[in-house]
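Engineer: Chain by chain, the residues run as shown.
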Amino acid sequence: MPEVSKMKKPDVKVVLLGDMNVGKTSLLHRYTERRFKDTISTVGGAFFLKQWGPYNISIWDTAGREQFHGLGSMYCRGAAAVILTYDVTNWQSLAELEERFLSLTDTANHDCIYALVGNKADLTDPKAQLSPDSDVASEECEESGCPTPPASPASLSGMTLHKQVTPEDAAALYGRILRYKGLEEKSSLPAEKLCFETSAKTGYNVDTLFEALFDLVLPCILRKRNENQESPTVDLEECRGTSNKRTRSACC
Amino acid sequence: MSVKAFELVPAVERDLLMGDKARINIECIECCGKHLYMGTNDCFIHHFLLDEVTSSKGKLSYSAQKLLHKYLGLKKPVAELRAASALERLIVLCDGMVFLVDMVTLETVPSAAGGGAKIRGVTAFCINENPVNGDPFCVEMGVLSSKRRMVQIYMVYEDRVQLVKEVSTPEQPCAVSVDGYFLCLALATQYMILNYNTGASQDLFPYNSEGRRPIVKRIGREEFLLAAPGGLGMFANAEGVSQRAPVNWSESVIGAAVCFPYVVALDESFITIHSMLDQQLKQTLSFRDGHILQDFEGKVILASTKAVYVLVPLPLERQIQDLLASHRVEEALVLTEGAQQNIPKDKFQILHKRILQQAGFIQFGQLQFLEAKEYFRKGQLDVRELISLYPLLLPASSSFTRCHPPLHEFADLNHLAQGDQETVLRCKKFLITYLGEVRSTEAANGCREDVDTALLKLYAEQDHDSLLDLLASDNACLLADSVPWLEKYQKYFALGLLYRSNGQDSAALELWIRVADGDLQDSTRSDLYEYIVDFLCSSLDLVWKYADWALRKDPAMGVHIFTKRPAMKELPELNPDDVISYLGKHSQALLLYLEHLVLERRIQKEKVHTHLAVLYLEEVLSLLSQSPADEEQISRAREKLQSLLRESNLYRAPFLLGKMENCEQLLLERATLHGKLEEHDKALHILVHKLRDFPSAEAFCIWASSCRDSAYQQQLFHLLLGVYLDGNPPGKAQAAAGGGGDLEMAAVDLLNRHGEVFDAVRVLRVLPEGWSLQLLRPFLGRAIRASIHGCRTSQIALGLAHSENLQLLHDRLKDRKKPIFVSEKKGCHLCHNTFSEPDVVCLPGGVPVHTHCVAQRVRDSPTKRQLTNSSNHT
Ligand SMILES: Nc1nc2c(ncn2[C@@H]2O[C@H](COP(=O)(O)OP(=O)(O)OP(=O)(O)O)[C@@H](O)[C@H]2O)c(=O)[nH]1
Ligand SMILES: [Mg+2]
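Respectively, the protein sequence lines represent chains A and B. The UniProt record's numbering puts the first residue of the first sequence at 1, with every later residue one more than the last. The UniProt record's numbering puts the first residue of the second sequence at 1, with every later residue one more than the last.
Looking at chain A on its own, in the form it has when it is part of the complex:
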């Protein structure tokens, strides 16, 4: 049953951002449905409510297409974590993150966590061709005979592609993101902790990515729950306060 129907109030929001075709929807599918299936380019956006222990986490899958670019800041508003996704076989997709998507995250929480995820690692990296965290998942995939959609020209030819983005490139971008956010590198989480290479196709690192992020946003969840508990009526004031701040920061 789709989780959407349950309409529980999410405790916290996680947003997937990145250029079209990098595999955001596929990543979310892999995580929530444990399989890799055919996707169509996302229209607008979609979200999934993940029950994580006693908490509800909404994960927003956004559309990478230029056309929907304008909606990005709205999706990111109040986000506790943003997953900036690129395609390891496509240098441009990393560049786009910096040029086009980073500014959309201005509306996210001030303590928002940024993860850099290079997807489609299966195309370049033999070790990503077998899922380490669940061989069941890949078995399942074969069993159900789910068609492997032509991901990119590479998978059609069946060769491993040239890797265009190295982990070092990603780490460097991560450093620039921190600088953009005005954060001290020393007091922030290190790049190793927040740069991932994944494969939605094989499931490589996918659970690791989401679980790691959830662990990191837990303080945010607890703080939010706490605030709500202490004074449920403050809500309105609170949101007004933050919105004030936001307008100000937008001015500068």
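Don't read these hints as lab results, they were simulated from the structure. All residues carry an ideal CB built from backbone N, CA and C; glycine is no exception. You may find that some hints are simply not true.
[Unchecked claim] Simulated restraints on C-beta separations:
{"#": "1", "chain 1": "B", "residue 1": "Phe348", "chain 2": "A", "residue 2": "Gln229", "range": "27 to 33 angstroms"}
{"#": "2", "chain 1": "B", "residue 1": "Thr189", "chain 2": "A", "residue 2": "Leu183", "range": "28 to 34 angstroms"}
{"#": "3", "chain 1": "A", "residue 1": "Gln229", "chain 2": "B", "residue 2": "Gly134", "range": "28 to 34 angstroms"}
{"#": "4", "chain 1": "A", "residue 1": "Gln229", "chain 2": "B", "residue 2": "Thr189", "range": "39 to 45 angstroms"}
{"#": "5", "chain 1": "B", "residue 1": "Arg426", "chain 2": "A", "residue 2": "Glu98", "range": "57 to 63 angstroms"}
{"#": "6", "chain 1": "A", "residue 1": "Gln229", "chain 2": "B", "residue 2": "Gly96", "range": "48 to 54 angstroms"}
Chain A is already provided as a structure; the job is to place chain B with the ligands on it using the hints.
Structural biologist: Then chain B with the ligands, alone, in the frame of chain A:
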């Protein structure tokens, strides 16, 4: 894809509105209860009364009745109409001017003294349906003016409007909606949220206004629906956050509304309906020249330029049923669950359960048993709904009737399987596991009988192992229904168990006996007879009733019903006398029973022992009388008889002796009996002279004296020796001639073997003169050694006694030499009391003690006593 969620029903037809005036177009509408107002391009307001009519078939239609129309006198189209029903006013926008019109008369309301009732230069306005101000007789209105970067907030009263607030905007706004303090605006290039109280603003997202009217639609508390680039309907709340995923309608949407859980949108040629729950397009209705789509108090009204329609939602339940009918289980559940907030709790629960149950049956019909089970469980299905699908499983007495309307389309399992036996079997297997899981849960409350009976039937039919487990444990199977079923599948053993669990042990036994006798066929238990015997062991009344059968079938096994009875409090013991007299006609069983009493339970009763002995004897006698005699059997039978005669002291020996007096074949037994009667001479006579069985004679002596003292034994051995030496008994001279030597040798052997028992002196006196010393060497050697041993032992004892005596003398002398003090202050070492008189005894070492204490000590101490004894001896 399609669900039928709405129906488009005409409300005001073209004729009614404009007759034959072709150039008149509808510009705007307002609906307030049954009152429908319409503004036209020729500056008229039309007022209709709209009545809902439901036909006998339940079909809804509208009948419109024209009440009034009024020309506003401005020659411009009426752009906007809004009712303020509490004020009985219509707020009209026409020719850039907002003014008030009486709802009934449609007369323009003149300005009141002191305040205008008109606003000029207006491009758009909106009414706050969630006003912050609490006054019910005033309406809050947001107004956009041409060429001004601001929004004005007005209060509308019965006869005037009053400006209360102005907030500026970064760009010229072109569409507005308001909720509480929050204005949702479409500016020239983007949407934004603006709090008119604090002035705080929140950019939402940019849009491209070229040629397209933006849509800003309040859909609920602090939530708005906006037309976004790429043909999206975006949701945004007052904080500027999207809490629902967008729907993908079309690029050219003219109007949109939410009719939960659907988003309805109108473009040039279609009405599209998306679900807010899963963002999917659910229904498309073609609609030409669409112009207006608006919702009024939950009612969605559309207008083309010429006619008005109502978009009537089909009842939720009907939609869900449609989905289920096309087996779209998940969508149906999403729709149901999505409607939770809109339905009273108890009603929702009933609906939800029902949908889950239906979903379960759909999965069931597709043989998706796992999913089906999950839905049944969540929907708390009355298991009997499922059972009733299987013909004949529900007991005839069950009061169950299927729920109406039915939860599924199947008449029964055969209908579902379409004759495919494989499918039928799979369904049955599923029901077996399902019922097995359900029967111990509360889902079976109130219908345990139905569940258990159905399960029993399935088990029986499928030859399932658990049938016996079911019946052997606590169960609620109905007897009346199960009996024929179990009989049909020849599960007689199981049927017996069922009788038993219904307290009909006797019926169970009758049945089992027929199976054991081969009258009925059921191979469940190959050891059924043993099972029955076992069962009888622990029954009280039935044991008498069926003992005869059990004993006749196999006496040795059957007698277990008497001998193997468990010791239980609830089970009183049977009186052995009753059993014995009952077993009169079952000789073999009787024998076994008596053996059980005597040998196992060790009952000390003369009668029983005698009875057993007599039976043993009779057995032996009967075996002896057979020809040819089976030696082996005879010897086994005699062995038993002999051992009883030897071991038991209770039987009546003379009686038995009388019974075998004349039987020359049972000499050994007779000897034993004589022995029991202490007629040892007779016994030995038989053994020695008749049987000439010297080892037995010796063994007899040992046996007969086994619990007696050595003198008795000596006496017996001397007796035996005498018998040997006396030689031929009178009247048997013939035999003696050859046998005299034998007896002498037996005597020699006896002496040599058991020399220690004899009194050697007496022996020497009776031995014949002529016997050689050599012959008796072992005996004599042992006798001499024994005598010398005795002599020397005595000497040692004597010596020891001497030395003890000396020691005592020594002590006494020592004590005499020095005085022994006895005073009232000194205590006796043995009893610790003081001395009251001077008579004392001194222990070795000169310790004074009371005379009576030392006497006591000597009496109590075993070592002392032995010492005294032995000294007596010596
Ligand atoms: N080989 C490989 N292909 C992938 C992987 N993830 C996604 N793809 C393919 O890449 C294409 C795009 O995937 P999507 O998940 O739709 O991409 P997206 O980021 O959601 O794209 P937009 O919705 O347009 O923004 C699809 O053809 C996928 O099959 C991966 O890990 N490995
Ligand atoms: Mg996508």
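Engineer: Each hint should be assessed against the structure and marked as holding or not.
Structural biologist: Hints versus structure:
1. Phe348/B / Gln229/A: 27 to 33 angstroms: Hint holds: Cβ distance 28 angstroms, inside 27 to 33 angstroms.
2. Thr189/B / Leu183/A: 28 to 34 angstroms: Hint holds: Cβ distance 32 angstroms, inside 28 to 34 angstroms.
3. Gln229/A / Gly134/B: 28 to 34 angstroms: Check passed, 30 angstroms falls within 28 to 34 angstroms.
4. Gln229/A / Thr189/B: 39 to 45 angstroms: 41 angstroms Cβ-Cβ, so the 39 to 45 angstroms window holds.
5. Arg426/B / Glu98/A: 57 to 63 angstroms: Distance hint for Arg426/B, Glu98/A holds at roughly 58 angstroms.
6. Gln229/A / Gly96/B: 48 to 54 angstroms: Between Gln229/A and Gly96/B, where Cβ atoms are some 52 angstroms apart, the hint holds.
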